[in-house]
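4 protein chains.
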Amino acid sequence: MAHHELKELVYRANLDIVEAGLVELTWGNASAVDRDAGVFAIKPSGVDYDAMRPDDIPLVSIETGERVEGDLNPSSDTPTHRVLYQQFPSIGGVVHTHSDVAVSWAQAAEPIPCLGTTHADHFYGEVPVTRRMAEDEIQSDYEHNTGAVIVERFRDDDIAPAQVPGVLVAGHGPFTWGADVAHAVENAIVLESVAQKAMQTYTINPNAKPIDQTLLDKHYLRKHGENAYYGQER
Amino acid sequence: MAHHELKELVYRANLDIVEAGLVELTWGNASAVDRDAGVFAIKPSGVDYDAMRPDDIPLVSIETGERVEGDLNPSSDTPTHRVLYQQFPSIGGVVHTHSDVAVSWAQAAEPIPCLGTTHADHFYGEVPVTRRMAEDEIQSDYEHNTGAVIVERFRDDDIAPAQVPGVLVAGHGPFTWGADVAHAVENAIVLESVAQKAMQTYTINPNAKPIDQTLLDKHYLRKHGENAYYGQER
Amino acid sequence: MAHHELKELVYRANLDIVEAGLVELTWGNASAVDRDAGVFAIKPSGVDYDAMRPDDIPLVSIETGERVEGDLNPSSDTPTHRVLYQQFPSIGGVVHTHSDVAVSWAQAAEPIPCLGTTHADHFYGEVPVTRRMAEDEIQSDYEHNTGAVIVERFRDDDIAPAQVPGVLVAGHGPFTWGADVAHAVENAIVLESVAQKAMQTYTINPNAKPIDQTLLDKHYLRKHGENAYYGQER
Amino acid sequence: MAHHELKELVYRANLDIVEAGLVELTWGNASAVDRDAGVFAIKPSGVDYDAMRPDDIPLVSIETGERVEGDLNPSSDTPTHRVLYQQFPSIGGVVHTHSDVAVSWAQAAEPIPCLGTTHADHFYGEVPVTRRMAEDEIQSDYEHNTGAVIVERFRDDDIAPAQVPGVLVAGHGPFTWGADVAHAVENAIVLESVAQKAMQTYTINPNAKPIDQTLLDKHYLRKHGENAYYGQER
Numbered sequence: 001m002a003h004h005e006l007k008e009l010v011y012r013a014n015l016d017i018v019e020a021g022l023v024e025l026t027w028g029n030a031s032a033v034d035r036d037a038g039v040f041a042i043k044p045s046g047v048d049y050d051a052m053r054p055d056d057i058p059l060v061s062i063e064t065g066e067r068v069e070g071d072l073n074p075s076s077d078t079p080t081h082r083v084l085y086q087q088f089p090s091i092g093g094v095v096h097t098h099s100d101v102a103v104s105w106a107q108a109a110e111p112i113p114c115l116g117t118t119h120a121d122h123f124y125g126e127v128p129v130t131r132r133m134a135e136d137e138i139q140s141d142y143e144h145n146t147g148a149v150i151v152e153r154f155r156d157d158d159i160a161p162a163q164v165p166g167v168l169v170a171g172h173g174p175f176t177w178g179a180d181v182a183h184a185v186e187n188a189i190v191l192e193s194v195a196q197k198a199m200q201t202y203t204i205n206p207n208a209k210p211i212d213q214t215l216l217d218k219h220y221l222r223k224h225g226e227n228a229y230y231g232q233e234r
Numbered sequence: 001m002a003h004h005e006l007k008e009l010v011y012r013a014n015l016d017i018v019e020a021g022l023v024e025l026t027w028g029n030a031s032a033v034d035r036d037a038g039v040f041a042i043k044p045s046g047v048d049y050d051a052m053r054p055d056d057i058p059l060v061s062i063e064t065g066e067r068v069e070g071d072l073n074p075s076s077d078t079p080t081h082r083v084l085y086q087q088f089p090s091i092g093g094v095v096h097t098h099s100d101v102a103v104s105w106a107q108a109a110e111p112i113p114c115l116g117t118t119h120a121d122h123f124y125g126e127v128p129v130t131r132r133m134a135e136d137e138i139q140s141d142y143e144h145n146t147g148a149v150i151v152e153r154f155r156d157d158d159i160a161p162a163q164v165p166g167v168l169v170a171g172h173g174p175f176t177w178g179a180d181v182a183h184a185v186e187n188a189i190v191l192e193s194v195a196q197k198a199m200q201t202y203t204i205n206p207n208a209k210p211i212d213q214t215l216l217d218k219h220y221l222r223k224h225g226e227n228a229y230y231g232q233e234r
Numbered sequence: 001m002a003h004h005e006l007k008e009l010v011y012r013a014n015l016d017i018v019e020a021g022l023v024e025l026t027w028g029n030a031s032a033v034d035r036d037a038g039v040f041a042i043k044p045s046g047v048d049y050d051a052m053r054p055d056d057i058p059l060v061s062i063e064t065g066e067r068v069e070g071d072l073n074p075s076s077d078t079p080t081h082r083v084l085y086q087q088f089p090s091i092g093g094v095v096h097t098h099s100d101v102a103v104s105w106a107q108a109a110e111p112i113p114c115l116g117t118t119h120a121d122h123f124y125g126e127v128p129v130t131r132r133m134a135e136d137e138i139q140s141d142y143e144h145n146t147g148a149v150i151v152e153r154f155r156d157d158d159i160a161p162a163q164v165p166g167v168l169v170a171g172h173g174p175f176t177w178g179a180d181v182a183h184a185v186e187n188a189i190v191l192e193s194v195a196q197k198a199m200q201t202y203t204i205n206p207n208a209k210p211i212d213q214t215l216l217d218k219h220y221l222r223k224h225g226e227n228a229y230y231g232q233e234r
Numbered sequence: 001m002a003h004h005e006l007k008e009l010v011y012r013a014n015l016d017i018v019e020a021g022l023v024e025l026t027w028g029n030a031s032a033v034d035r036d037a038g039v040f041a042i043k044p045s046g047v048d049y050d051a052m053r054p055d056d057i058p059l060v061s062i063e064t065g066e067r068v069e070g071d072l073n074p075s076s077d078t079p080t081h082r083v084l085y086q087q088f089p090s091i092g093g094v095v096h097t098h099s100d101v102a103v104s105w106a107q108a109a110e111p112i113p114c115l116g117t118t119h120a121d122h123f124y125g126e127v128p129v130t131r132r133m134a135e136d137e138i139q140s141d142y143e144h145n146t147g148a149v150i151v152e153r154f155r156d157d158d159i160a161p162a163q164v165p166g167v168l169v170a171g172h173g174p175f176t177w178g179a180d181v182a183h184a185v186e187n188a189i190v191l192e193s194v195a196q197k198a199m200q201t202y203t204i205n206p207n208a209k210p211i212d213q214t215l216l217d218k219h220y221l222r223k224h225g226e227n228a229y230y231g232q233e234r
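Taken in sequence, the protein lines are chains D, C, B and G.
All letters in the first sequence, in the order written, are residues 1 to 234 by UniProt numbering.
All letters in the second sequence, in the order written, are residues 1 to 234 by UniProt numbering.
All letters in the third sequence, in the order written, are residues 1 to 234 by UniProt numbering.
All letters in the fourth sequence, in the order written, are residues 1 to 234 by UniProt numbering.
These aren't lab readings, by the way, just hints derived from the structure by calculation.
A few of these clues could be false.
Stated by the list, open to error - If you only want the chain G side, here are some residues facing chain D, beta carbon under 8 angstroms, derived:
id : residue
1  : Leu115
2  : Thr117
3  : Arg131
4  : Glu186
5  : Ile189
6  : Ser193
7  : Gln196
8  : Gln200
9  : Thr203
10 : Ile204
11 : Asn205
12 : Ile211
13 : Thr214
14 : Leu215
15 : Tyr229
The C-beta atom is built at its ideal place from N, Cα and C for all residues, glycine as well.
With the hints as constraints, model all of the structure from the sequences given.
And the structure:
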């Protein structure tokens, strides 16, 4: 993919998360990777969405983490995105927001159980939460280590990032991803919706139970994988 | 009714539920039946609302469940709609959404009690919730069986679908219906509003009580049935 | 005031409550009185706000409750408005909505305590709730009796309707009023806001306490009465 | 700064808080100070935002509290703003709103703990709440004393107003400030967001814990102070 196409995709994704109501002020960033070129494009740091243009999107090397194209500093969350691209080879785009209810679950340091089919259609099981980071992890290489605790959580619990395309960083907020950045955006929208519905479900019934594995399998697999039958021909 | 009129009605209803704020992404579908022709029109599966045109709406045979007109696959929820048309002869339209608070009640697996006159004006008693589906019901003919557990609930509890025009499928979300698809849409709006007010009522007062049967009768019957006196001449 | 002016005011007020987000579907009505002429103007029953024009607003006699001008049936809540005009001589307009959180308090059958200065600026003390209506009050002259239980509540508790310009009807929803219909609309907006803030206050702190009488006096009286000093010259 | 520029800034800030959804009716006011000239500009009292023009913004003397320019009375909250300008020399602008969830925390008389990085990016620790005001403080010089209890809270707890740019006045609502009025507006937006997320966090997990001091330091200091590395060159 040409670099200007990658920047255009990332530019568009950053506006999409604003339009979807997931971003206040400048609290959000989206990125997309070109694995052949070894770079990813990401929102510049602290720039207003209104003022941003596709050419403002910097490119960053996956290998070195250095900016290789563009005049503006990349998002301060760039090292987190980089770890995700390095450790999760199946993903093509990453989105980070401070969306309202997903952040509340992250602050509560609770995973979001799979309470219904809305969740099951997009996340194959609960949305995990990281452990709280240690002092030294915060004090040096903080944004890198944010990525590392995400990866640790998926490794330790043997979760496939392609099947559970998002996570809550404890005390911080959600990161989502997808095969491309458009799917990362979609998963950010779904995660906020699922977070809202889960909070309300427990408000209505504090003893609400996750759905059965059979129902989870049914909904996730009718939309994903080789036997999917949702949507038009694939 | 001509087929193009039926498709136009269904097209319009599918946009109306989006405009009413009941649908995120593609999570919703509306259908309408032509009983004389033995077909119903329903939203195509996984198609963006923006891209959809009236001619994209497929027609499905009530008897066989097969698509009889149109180039696109009908919604994956089509078998559920079909069971409702088969078993509830009074209904002319069906709406399914993942609207925010109605889904939360469905996930909580709790019926929505009739706590006030907003509810009583449109639903003649509590909005029921289905039982959870069994493994085999999920594994084969899942969408058909979703309709079957709805019908079972109305039969077992002797509820008239014309008087209680909606249901919560446990762990999933709401289905509503009406004499025509426009009323099914209206009932979807009402159900979400009633779900929200009920959740908040219990937040304010965990011991809140349903209204008396006398008040339920008064409100429901002043708007429905032969002695109705709400609105203009009928 | 000329009748067409009265209708225009009421027409405008009915649109204002929709624009303020207090009305879903046709769940709301506003009226204004001309005491010299012995009539009040009120929204027609079950008419869409979009289709309504000023000339559609019927006039009703305070004395007889009969429609004296206009082709459309007045709102089914007309007898409630009439009782309020008869029994509360200081009021010039009445608004009824099913606004989201005020209805939730009404369904909870709880008065809204004065928890802060937002409330105290507009309502001189808690917003009362009526008792539940008896069977015979519901079965005959229901809308008239709805007004009667409101009046009973203000009489029994010696509340001045000019100082507490609203009420919750248990199991139903809010009515507000004011010196004119524009103030009745404003009080409907305030009541919904106060209801929301009160619900959230108790969510944050179940032991939250009403503000002191001194602070209530200060805020209410700096905006109302002869020593008011809020706003420009009066 | 020329007086007309100061008025224009304040005019703009008052519209910005409306556009940000923090203001209902006329419940909000913003001001900005010109310390060289010894004056601050503030919203006029009880004037509709739609009708307001930059020339309507009155100027008030910091020293005397008297209006020194403009035809309209300044906001009734002017003495509170004045105390903040007198006692907090680092601030250049002040915003007061009755925003929904911040008011709810103020009514609950609870400080907002720092539960996550959204909070830590903007407020260096919990958002404090004042004590309730005494009878005599309410009965005379109420608005002045509102400022005094804010200042008392920051003095007693040794909080730096430049690092914690906002407060909740118990039973009333939030005041925020900043180096200039644009930052005061931004902090009002952040405070409402943080208030909402904190309320929801406790709804999800009543035992949620504030973030560690290390994480608070990291986030606050990466955006503020000499070692900041968020955004573009400074």
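Going down the list of hints, with the structure as the test:
The interface hint given for Leu115 (chain G) is met, as the beta carbon of that residue sits about 4 angstroms from the closest beta carbon of chain D, less than 8 angstroms. Interface hint at Thr117 (chain G): satisfied, since its Cβ lies 5 angstroms from the closest Cβ of chain D, which is below the 8 angstroms cut-off. With a cut of 8 angstroms, the hint placing Arg131 (chain G) at the interface with chain D is violated, because the nearest CB-to-CB distance is about 27 angstroms. Taking 8 angstroms as the C-beta cut-off, the interface hint given for Glu186 (chain G) holds, the closest approach to chain D being about 7 angstroms.
Given hint, Ile189 (chain G) at the interface with chain D, holds; its Cβ is 7 angstroms from that chain's nearest Cβ, closer than 8 angstroms. For Ser193 (chain G), the interface hint holds, the least distance from its beta-carbon to any beta-carbon of chain D being 6 angstroms, beneath 8 angstroms. At a threshold of 8 angstroms, the smallest CB-CB gap from Gln196 (chain G) to chain D is about 6 angstroms, leaving the interface hint in force. For Gln200 (chain G), the interface hint holds, since its Cβ comes within 8 angstroms of a Cβ in chain D; the closest pair sits about 4 angstroms apart.
Because the smallest distance between the Cβ of Thr203 (chain G) and any Cβ of chain D comes to about 6 angstroms, under 8 angstroms, the interface hint for this residue holds. Given hint, Ile204 (chain G) at the interface with chain D, holds; its Cβ is 4 angstroms from that chain's nearest Cβ, closer than 8 angstroms. Interface hint at Asn205 (chain G): satisfied, since its Cβ lies 4 angstroms from the closest Cβ of chain D, which is below the 8 angstroms cut-off. Interface hint at Ile211 (chain G): satisfied, since its Cβ lies 4 angstroms from the closest Cβ of chain D, which is below the 8 angstroms cut-off.
For Thr214 (chain G), the interface hint holds, the least distance from its beta-carbon to any beta-carbon of chain D being 5 angstroms, beneath 8 angstroms. This hint holds: Leu215 (chain G) has a C-beta 5 angstroms from the nearest C-beta of chain D, less than the 8 angstroms allowed. Contact between Tyr229 (chain G) and chain D, as hinted, is supported at the beta carbon level, the nearest pair being about 7 angstroms apart and thus within 8 angstroms.
Checked against the numbered hints given earlier, the structure breaks only hint 3 and satisfies all the rest.
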